[in-house]
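2 protein chains.
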Amino acid sequence: LLRRLPAILEQHAPAHRYAIITDSNVDHLYARDLAAALGAVPHCTVFTFEAGEASKSRRTWGIITDQMLDAGLGRDSVVLAVGGGVAGDLGGFIASTYLRGVPFVQVPTSLLAMIDSSVGGKTGVDTSRGKNLVGTFYQPTVVIIDASTLKTLTDRHVRAGAAEAVKHAAIADSDYFNWIESNSEAILDRDIDVLLELVIKSVNIKSRVVSDDETEQGKRAILNFGHTVGHALETSSRYDLLHGEAVAIGMIAEAELGVSLGITEESTPATLRSAVAALQLPVKRPSNLSPQVLHETIEFDKKARYGEPRFTLLEQIGRVSQAPDGHWTHRAPEAAIFEAFSHIM
Amino acid sequence: LLRRLPAILEQHAPAHRYAIITDSNVDHLYARDLAAALGAVPHCTVFTFEAGEASKSRRTWGIITDQMLDAGLGRDSVVLAVGGGVAGDLGGFIASTYLRGVPFVQVPTSLLAMIDSSVGGKTGVDTSRGKNLVGTFYQPTVVIIDASTLKTLTDRHVRAGAAEAVKHAAIADSDYFNWIESNSEAILDRDIDVLLELVIKSVNIKSRVVSDDETEQGKRAILNFGHTVGHALETSSRYDLLHGEAVAIGMIAEAELGVSLGITEESTPATLRSAVAALQLPVKRPSNLSPQVLHETIEFDKKARYGEPRFTLLEQIGRVSQAPDGHWTHRAPEAAIFEAFSHIM
Numbered sequence: 001l002l003r004r005l006p007a008i009l010e011q012h013a014p015a016h017r018y019a020i021i022t023d024s025n026v027d028h029l030y031a032r033d034l035a036a037a038l039g040a041v042p043h044c045t046v047f048t049f050e051a052g053e054a055s056k057s058r059r060t061w062g063i064i065t066d067q068m069l070d071a072g073l074g075r076d077s078v079v080l081a082v083g084g085g086v087a088g089d090l091g092g093f094i095a096s097t098y099l100r101g102v103p104f105v106q107v108p109t110s111l112l113a114m115i116d117s118s119v120g121g122k123t124g125v126d127t128s129r130g131k132n133l134v135g136t137f138y139q140p141t142v143v144i145i146d147a148s149t150l151k152t153l154t155d156r157h158v159r160a161g162a163a164e165a166v167k168h169a170a171i172a173d174s175d176y177f178n179w180i181e182s183n184s185e186a187i188l189d190r191d192i193d194v195l196l197e198l199v200i201k202s203v204n205i206k207s208r209v210v211s212d213d214e215t216e217q218g219k220r221a222i223l224n225f226g227h228t229v230g231h232a233l234e235t236s237s238r239y240d241l242l243h244g245e246a247v248a249i250g251m252i253a254e255a256e257l258g259v260s261l262g263i264t265e266e267s268t269p270a271t272l273r274s275a276v277a278a279l280q281l282p283v284k285r286p287s288n289l290s291p292q293v294l295h296e297t298i299e300f301d302k303k304a305r306y307g308e309p310r311f312t313l314l315e316q317i318g319r320v321s322q323a324p325d326g327h328w329t330h331r332a333p334e335a336a337i338f339e340a341f342s343h344i345m
Numbered sequence: 346l347l348r349r350l351p352a353i354l355e356q357h358a359p360a361h362r363y364a365i366i367t368d369s370n371v372d373h374l375y376a377r378d379l380a381a382a383l384g385a386v387p388h389c390t391v392f393t394f395e396a397g398e399a400s401k402s403r404r405t406w407g408i409i410t411d412q413m414l415d416a417g418l419g420r421d422s423v424v425l426a427v428g429g430g431v432a433g434d435l436g437g438f439i440a441s442t443y444l445r446g447v448p449f450v451q452v453p454t455s456l457l458a459m460i461d462s463s464v465g466g467k468t469g470v471d472t473s474r475g476k477n478l479v480g481t482f483y484q485p486t487v488v489i490i491d492a493s494t495l496k497t498l499t500d501r502h503v504r505a506g507a508a509e510a511v512k513h514a515a516i517a518d519s520d521y522f523n524w525i526e527s528n529s530e531a532i533l534d535r536d537i538d539v540l541l542e543l544v545i546k547s548v549n550i551k552s553r554v555v556s557d558d559e560t561e562q563g564k565r566a567i568l569n570f571g572h573t574v575g576h577a578l579e580t581s582s583r584y585d586l587l588h589g590e591a592v593a594i595g596m597i598a599e600a601e602l603g604v605s606l607g608i609t610e611e612s613t614p615a616t617l618r619s620a621v622a623a624l625q626l627p628v629k630r631p632s633n634l635s636p637q638v639l640h641e642t643i644e645f646d647k648k649a650r651y652g653e654p655r656f657t658l659l660e661q662i663g664r665v666s667q668a669p670d671g672h673w674t675h676r677a678p679e680a681a682i683f684e685a686f687s688h689i690m
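Residue numbers (this note's numbering), protein chains in the order written: chain A, 1 to 345; chain B, 346 to 690.
Hint data in this document are derived by calculation from the structure and do not stem from the laboratory.
Where a beta carbon is used, it is the ideal one built from N, C-alpha and C, also for glycine.
Heads up, a few of these hints could be off.
Claimed, not checked - Derived list of chain B stretches under chain A, where covered just means 3 residues or more per stretch with a C-beta under 8 angstroms from a C-beta of chain A:
| hint | segment |
| --- | --- |
| 1 | 406-413 |
| 2 | 441-452 |
| 3 | 612-622 |
Said to hold, decoys possible - Here are the simulated lysine to aspartate or glutamate pairs, EDC-like style, with alpha carbons at most 16 angstroms apart:
| hint | chain 1 | residue 1 | chain 2 | residue 2 |
| --- | --- | --- | --- | --- |
| 4 | A | Lys131 | B | Glu398 |
| 5 | A | Lys284 | A | Asp240 |
| 6 | A | Lys131 | B | Asp536 |
| 7 | B | Lys476 | A | Asp240 |
| 8 | B | Lys476 | B | Glu398 |
| 9 | B | Lys496 | B | Asp558 |
| 10 | B | Lys564 | A | Asp66 |
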């Protein structure tokens, strides 16, 4: 698909000028070639930020916005985010606020971005108070996924991306869950046909959930399975844990939480552990993170979002539990949360 | 209406918590009383910024966002902007990006904000490159206009607000235009019934135009009559000119431009001049602004928006001209632009 990018854009996102937003790794791997194929400056300009979560900030957002203004990009421009989740979230936030919004194209090059963050229209940046606290809902005009870019991804990032596929399966499709576990080796070996099938299956689940609830008023919250604990792990590890790794551990903790609350089938945590381990993902928290720190991080993180910590809980693999109050997330007593932590120690 | 604010919010924008965003002038005039009526912290918290256009910045946006996060406001909060155009634009941008968007209520207290900026969903902040270059389209849940707040407005701000009413009339309704001119004295005397009728007539025009084209892909551009030259005057005066004052002069310049391009009826500039003068608004640019500086500012401003300067031009009072290419704005040769400037010297 990337070889056909100019034609695809011509058809789906024609523009006077293109801005490619990418990070310092993807810049020379893919973005420069894509820019060359699209045409010289001023028709296409590349804006590069330092790779890493630290760039997902209001500061980088302001800097790139100013660079685009200085380059004279008008409202008849299109923003392309080329890269992983950071490029997509940051690029989307820039596109959604640049001159009150210009069209936006996602070109995810990491597995995580392909199956998860590029679909659904969540954009944003982090603040010192937490991840994604500032942002918009802003749908991309088109998402262009070329699985061949997975060749240049590190093994660790392939595994971390696959964690979100496990999540999609866990909340929506037990057959897919079994398929992932039996194809774990092929995924780790980067069998391109298997990866492509993984991407397609996951995007179908994600886009179905998002289409029903674009701005997360209700059922979209089921996509947060593993994420309440996962975010806390990710933040308190200071991003030593990749997002997908943190979600893998978080899913296990939240499955255990569901069991202890009598909501989740008892065999579910073991089934999850087995699938996560088959993908060589961690099943326990880093030893330097205490339960107290994790709990404080959850409290702080969730206070800013919902007023209290809430958890997406499974009934069983493939099915999420709806709380008696109609919500797709549950409250949990502090003791049960700490009990769940004991299973990832 | 302000006395009934708690009941109105209860019905139209119920929330767990309210954030009032206001400036240092309106804070003690209205915002504190409204906050007291809504309930004590944490139910309602006031966030105050220094009055003036300089606060419409990414910096203030970041500071207030962080204050709201620190105050623990979650997604079940509602943002109220109480004040003039700056409070509305800044408050709307905060609301649209806070935790990816929380509901937003406009409580405009200036004439300009009542008849223009509070309706239509444009939010944003300025950058050193120009006004409103960063922002979103984000509709308020409800706009609450209590004309009694106009009592505390300065005469100069009443006049400046009325300039946008002249604009609404000029682009859409010649009867309304005549009504404004014949009621100029009552407007300047702040006859509350006349002001209320002015607000209603203008909001009807504005909301009709915006409803047809929410994100300014096409016909919404007619609301920019007077604004291409007006923005340049406002920016290059370093905001010595109020927005409405700059628009008043800009409308005259753009009417003259339309005449010289053979698009606008020859009597139109004189008719506009007469209405503008009756409201004691300026009809000439400040003497320290040279035509060269104005032209450079237009070039810079518009380059960032559309790639080239474009102008909304009248056919006659009450009717806007559509360009042969289907656009509701026109290009103009440089010589014609300078010729138009000569009429506001």
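A quick look at each hint next to the structure:
Coverage of a stretch by a chain is defined here by at least three residues with a beta carbon nearer than 8 angstroms to that chain's beta carbons; for the segment 406-413 of chain B and chain A the count is 3, and the condition holds. With a cut-off of 8 angstroms between beta carbons, the segment 441-452 of chain B has 6 residues touching chain A; three or more are needed, and the interface restraint holds. For a cut-off of 8 angstroms, the count of residues in the segment 612-622 of chain B with a CB near a CB of chain A stands at 0, and the three-residue condition is violated. Simply put, Lys131(A) and Glu398(B) have alpha-carbon atoms about 30 angstroms apart, too far for the 16 angstroms limit, and the pair is violated.
Between Lys284(A) and Asp240(A), the direct Cα distance comes to roughly 14 angstroms. Compliance with the 16 angstroms bound is thereby established for this hinted pair. Taking the CA atoms of Lys131(A) and Asp536(B), the gap is near 51 angstroms; set against the 16 angstroms cutoff, the hint is violated. Between Lys476(B) and Asp240(A) the CA atoms are separated by roughly 40 angstroms; this puts the pair beyond 16 angstroms, and the hint is violated. With a C-alpha separation of about 10 angstroms, the suggested pair Lys476(B) and Glu398(B) falls inside the 16 angstroms cut-off, and the hint holds.
Between Lys496(B) and Asp558(B) the CA atoms are separated by roughly 34 angstroms; this puts the pair beyond 16 angstroms, and the hint is violated. Distance hint between Lys564(B) and Asp66(A) is unfulfilled; the C-alpha atoms sit about 28 angstroms from each other, more than 16 angstroms.
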